[in-house]
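**Student:** Sequence:
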Amino acid sequence: MAKRILVVLGLMVCIVGPAFAIPDFRLSAGTGLFFDGTGLGGIEASNSSFDHPVEIKWINTAFSGFIFFDATFAELSLGFSRGDSQIQIYRTGGDLSDEYFDKSLTNLNISLLGKYPFWITPRFSIFPLLGIDYLLALSMEDKGGSHKNDENLTNSQGGPLLAGDFNSLSLKLGMGLDYLFTERIFLRFNALGGLRLANKFERDWVDVLNKDSRTSANTTPGIVLTVKLAVGFRF
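The numbers in this note's numbering rise by one with no breaks, and the one at position 97 of the sequence shown is 97.
Don't take every hint at face value.
As the list claims (entries may be wrong) - Heads up, simulated BS3-like pairs for lysine-lysine below, C-alpha to C-alpha not over 27 Å straight-line:
#	residue 1	residue 2
1	K200	K211
2	K57	K211
3	K57	K200
If you're looking for bench data, these hints aren't it; they were derived computationally from the structure.
Produce the complete structure using the sequences and hints provided.
**Tutor:** Put into structure tokens, the structure is as follows:
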């Protein structure tokens, strides 16, 4: 019996062992497309004069291109995206109020992720991903038809909202995979989720709301989903 157990363990080491071997250090780079979306988070506020607490949610979705640089255990990517940015105000219970904001944001997405590849076969590897992503909003434009209450959504000083009010940092966790077509050319797929920290618009308005002793307001983290598909070249 003991010999059989040793044989089974030996086979498992032969099969699984290569996947957990320390990977060779290689440099690579590539380009591709990505989808990035954030929602749910924002501001929660209650006041003795409110019938119900209010939730102010920032929703941003973008689809565009990116480039990446890879050093086996880390990936740096830069992407330019253009997408829809909305501020929606809800009463507790999910009722959307009349106040609504709808703009187009142009962004620079900067992502730095740690990774550790496990080679399942000589051509196929998977790797966990953990890191940060910074959305730098470069410009903001009307989408052609303002909503009737856009003028009520200002910055904390009462002025118009600016693109920089929506700069945001996200903490991300996910998985990726590489498939080698040749020794140097490969396909990469990444899927990540995470938490978006409060942006300037949200932090400033929480400070303003809390100046009223009857009001209690706080920021809540947003949920982020990112999907990337790229072609890379190994040096």
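**Student:** It remains to establish, for every hint, whether it holds in the given structure.
**Tutor:** Verification of the supplied hints:
no.: 1; hint: K200 <-> K211; verdict: 17 Å, holds
no.: 2; hint: K57 <-> K211; verdict: 21 Å, holds
no.: 3; hint: K57 <-> K200; verdict: 13 Å, holds
In this structure, every one of the numbered hints holds.
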